[in-house]
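**Q** Next come the chains, spelled out residue by residue.
Number of protein chains: 4
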Amino acid sequence: MLIVMNHTATQADIEAVNQAVAEMGFSAAPIPGSERTAIGVLGNQGYVDDSKILELPGVQRVIHVSKPYKLVSRDFHPEDTIVDVAGVRVGQGCRPVVVAGPCAVESEEQIVRTALFVKKAGADMLRGGAFKPRTGPHTFQGLREEGLELLALAGRESGLPVVTEVMSPDSVGLVADYADLLQVGARNMQNFDLLRELGRIRKPVLLKRGMSATVEEFLAAAEYILAEGNEQVILCERGIRTFETATRNTLDLAVAPLIRELSHLPVMIDPSHATGKRSLVPPMTLAALVAGAHGVLVEVHPEPEKALSDGPQSLTFQGFERLMADVRRMTDFLGFARE
Amino acid sequence: MLIVMNHTATQADIEAVNQAVAEMGFSAAPIPGSERTAIGVLGNQGYVDDSKILELPGVQRVIHVSKPYKLVSRDFHPEDTIVDVAGVRVGQGCRPVVVAGPCAVESEEQIVRTALFVKKAGADMLRGGAFKPRTGPHTFQGLREEGLELLALAGRESGLPVVTEVMSPDSVGLVADYADLLQVGARNMQNFDLLRELGRIRKPVLLKRGMSATVEEFLAAAEYILAEGNEQVILCERGIRTFETATRNTLDLAVAPLIRELSHLPVMIDPSHATGKRSLVPPMTLAALVAGAHGVLVEVHPEPEKALSDGPQSLTFQGFERLMADVRRMTDFLGFARE
Amino acid sequence: MLIVMNHTATQADIEAVNQAVAEMGFSAAPIPGSERTAIGVLGNQGYVDDSKILELPGVQRVIHVSKPYKLVSRDFHPEDTIVDVAGVRVGQGCRPVVVAGPCAVESEEQIVRTALFVKKAGADMLRGGAFKPRTGPHTFQGLREEGLELLALAGRESGLPVVTEVMSPDSVGLVADYADLLQVGARNMQNFDLLRELGRIRKPVLLKRGMSATVEEFLAAAEYILAEGNEQVILCERGIRTFETATRNTLDLAVAPLIRELSHLPVMIDPSHATGKRSLVPPMTLAALVAGAHGVLVEVHPEPEKALSDGPQSLTFQGFERLMADVRRMTDFLGFARE
Amino acid sequence: MLIVMNHTATQADIEAVNQAVAEMGFSAAPIPGSERTAIGVLGNQGYVDDSKILELPGVQRVIHVSKPYKLVSRDFHPEDTIVDVAGVRVGQGCRPVVVAGPCAVESEEQIVRTALFVKKAGADMLRGGAFKPRTGPHTFQGLREEGLELLALAGRESGLPVVTEVMSPDSVGLVADYADLLQVGARNMQNFDLLRELGRIRKPVLLKRGMSATVEEFLAAAEYILAEGNEQVILCERGIRTFETATRNTLDLAVAPLIRELSHLPVMIDPSHATGKRSLVPPMTLAALVAGAHGVLVEVHPEPEKALSDGPQSLTFQGFERLMADVRRMTDFLGFARE
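Chains as they are written, first to last, in full-length UniProt numbering: chain A, 1 to 339; chain B, 1 to 339; chain C, 1 to 339; chain D, 1 to 339.
Just so you know, these hints were derived from the structure itself, not from any lab.
No experiment lies behind these values; they were computed from the predicted model shown.
Mixed in with the good hints there might be a few duds.
[To be verified] Heads up, simulated DSSO-like pairs for lysine-lysine below, C-alpha to C-alpha not over 30 Å straight-line:
no., chain 1, residue 1, chain 2, residue 2
1, A, Lys52, C, Lys67
2, B, Lys306, A, Lys67
3, C, Lys67, C, Lys203
4, D, Lys52, B, Lys67
5, C, Lys52, A, Lys67
6, D, Lys306, C, Lys52
7, D, Lys67, C, Lys52
8, D, Lys120, D, Lys52
9, B, Lys67, A, Lys277
10, C, Lys119, D, Lys52
11, D, Lys67, C, Lys306
This is chain A alone, in the form it adopts within the complex:
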């Protein structure tokens, strides 16, 4: 931690800061400069709350050198974590995975048919929402428990592990009974009670980045899960909110290689939610693989024009089949052995 003093800070101000640092159990190392003095703080183990320092007279600002996460950081855990989703391995060195399926589970026919199709086309997992977070209360909110049952059924029939969203701490147990991978949606990335609850289960978690979360906050949110004992976490970039409205969100693809540097956890990309536009999904899926993503989530629907949500960004069966052929060729090209 570095404390930057005002240009006008007095020697007494500087000494008061030194003393406050000492009272916190750390050492202070003043660095006099031509314009102002800065004071280095030594001996802290990780992130320090800076409120007390910021209050002192003459203090301009505090700069943190440590990060608000440690367990998810590659600094202290250099080996890559491989997440195992009912036998499908996700992470560095593994062939990238494709998670496919509709935005929402709508009926047995819809989800089973999709599951069998995406399995045949080469998908590794099945996705489908049972609990749907929607902007307004007057639209379809998901089939809820019935949706979970249908998703699990489709998983069994196709042999694919299933992924679905959990929206509140008290439904974690229920969702974990059906899902192989529990998803935290972007709106809930900082629902800390939910994260803590997911840290206590023995199933892997797919944590989506919040719409306006920095990478630092994203990793700190994952830290909540790891801190409770669950290290099986996959991070997923799904587009951030910016001023641009030509796409649904702005896909921040550069975070795939960046997160690989900062953390040992696997990282996936969701080009469907990120772009919101069917025609952009195939190029961004392939780009994600090339940028180093350990997997992608792709929305597929038997009849997108009848989908109850997110139709415009869902691929048709035919579109998905074409994309999977490209994914297979690209993954081979990138040097991954077929499983």
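Mind docking chains B, C and D on chain A? Use the hints.
**A** This is chains B, C and D only, laid out in the frame that chain A set:
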């Protein structure tokens, strides 16, 4: 709803859209233009899901004329809603209220002392967090139930109604036992299970705007609460996330008069979280009153330099006293009768 | 400047950094920590280019303590600068000024009529665009030199100093022949050739904040003008670009008091461009005065419904007259003596 | 164009709008709805200024169906434009190009050495800045005309066409004497005088997207160049400004395929400025090619640790050589014939 066709859409495409609109139970009114055709949709009662239409060949985009909220809209509810918080009235025509207190309840001494002081200085309600959402898991998370008890105690001793945050659906009952006004924090603005639960209680709710929520999404989130039967909702702008880092967030003060146009619900401003900087709190508090806010939330701490969170944005007792003198003069100037 | 080393940096890495700092003519002060070492840089006079340091092995990042501006900073120039626009004084301690007029000069009748009206209503300066930056080339681009002549005429007839935008370095001379205050528009805030040219004239400059410029970049842009010798600069916040689309831009009003802390230059607010909505202009104008702005720019048009640009955000004569009555009462209330 | 009336608009309001539309020379087609009336506008040729309509009583908002650009739109120009830069062809169907070189021309030795190296490694053009836009005035601003001469020299010695930035209208002639492709930087994307001047020359232009420009504004800026008669324009995405600070900017890669849909102009990607971090440049370069970019701009410097600007994002010679091997394999894989 208006459906805009591609420049290259055929007559058959247009007819297919007309038919799809008819199947949804609405009427289609094609508007041929020189560059492209647009198709108006008539007869819908409120927001229509556009997924099916967007799937059809030749459709470029769909423009919504209706909004994803109705109960919170002034269009259908022209009279202002006055929210009653244990006898303190908030809303149009009422003298603007000042909610003051520390970010977090830390001890009996701290919260009672603050309560008595802010009451004497002229505050209308006491705020204090018992459950604290924090970016990383390794920092102070609040005193939880003990914090609620201390807050309620401070409320009784000072005679001030108390406001505190609730973070999950299953703690709504607990928090409602202690609080006069239940706050939903920015990170939980779209925690829909929580909103629904708050819609079922008989206490007022203070809904904070999400860091990256549009005004439309903000009002749609409030709609979740009203849709369950609770109309006692106060909206609160607390700064949005932008590219600017000189302040903690960017205070979007213009939404105060804007929300007054769009909705009948009262709107408050939180200059402490919005700016994150003590010196900016007084000018922005006064500006908020002038811009038409029905109240403000201000962080006050007996010893900000020892605060466990948000010290740098908390006013000292002396600073708050000075601010309240200005608030009183300004409120008088604006023509509000003293209560 | 503080150099933060990686967790894995070796002693040799640290020594190489120390040496590089020494070669730049500064002293290095290593601060060993439990997680990583940081190295303070002493002796620099102002901002240092960090490229060379960032290249060295083991360096994680560089943190700047100095700012990219010095002449505009209050640190080195504590007294407030008062800008004199043809006799109208703008800055700390002066009665806040109101600059009013149409977005664009459209005709002699329009601009003279407006000038006489706003003068009578109490405005201090007349604004009007002759060169108009527009998103696309197929819309009205201003009357150009004819517009300058008409504006100057209206200024003479009303007795008001005139403000107008200059868009390129080679038209600075021309615009300076007519205008009392030369405006740099938001799109040109980092048109450095233009800024340098304006630094060489002897007339005051109104520098508008870029749509996505940080306060630091805004002040550094002003530094270009001061560095060439012209200290008569007024800074103007006119809304920044964010994800919110309910208003044209997001008025970042908190920068008014913030800039007053950071710089000695006066700061004005443009609520018309910031909100883009006529009904929001009066409340945000008054809020700006209360927040500490040294003036406001308000668009006024005799017939907004016939304006060639920005009609929806222009006040009518009647609306402006009402606003000026409120401005007068508020300015009196704030304790400014009438001129 | 669609005009949306307020819920409370009267029949007289609607008729007044109909009449105003008629006076503008268009036809009005009212679409009564259950909540409100909308009015379609027929017969307009392209974008219509909406100011007059927005002024009328009862009008809530106006929705544009046409775009502020036409010449750059694929709607009216379905065939792809191929830009020819001194014999190097850029655009659909051509092998993607790599433009490489330092941020700034610093010396003859530096630029010639770099030119020869990148040519040997397989680059198609040489980049190098002679006029450098920098945030503050106290840092290196480029060698200016001397830089142009050195760049041209390096181009001749290596046989590579050269690309460099032009910052003001009055230096367009000078820069065009030396450069094969004239670059407009992000800060100048809406420097309309500069764009118009570039529309009058007979050399190709590389237009960089502004830091906070929407795709629509980006295309409308290009329209300024085409409207003056120069159709040889390459669009370049170089990262947008968002709340995220972990990378220098946010690379909005999805605009590559999006712009290919909307426009016939070629699109390139600059991963160096977009990410600001050397380690992210190779993965994002390859991802750009896969996403459909017609070329990339990559910063390369013989000694990045001594670069006068942008060192941390510049590749070393060795790093560039490795990247070019990957680019060659990827381009082959994507099916482009070697030139």
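**Q** For a quick check of understanding: which of the numbered hints are violated here, in increasing order?
**A** Numbers 7, 8 - these are the hints that the structure violates, sorted from lowest upward.
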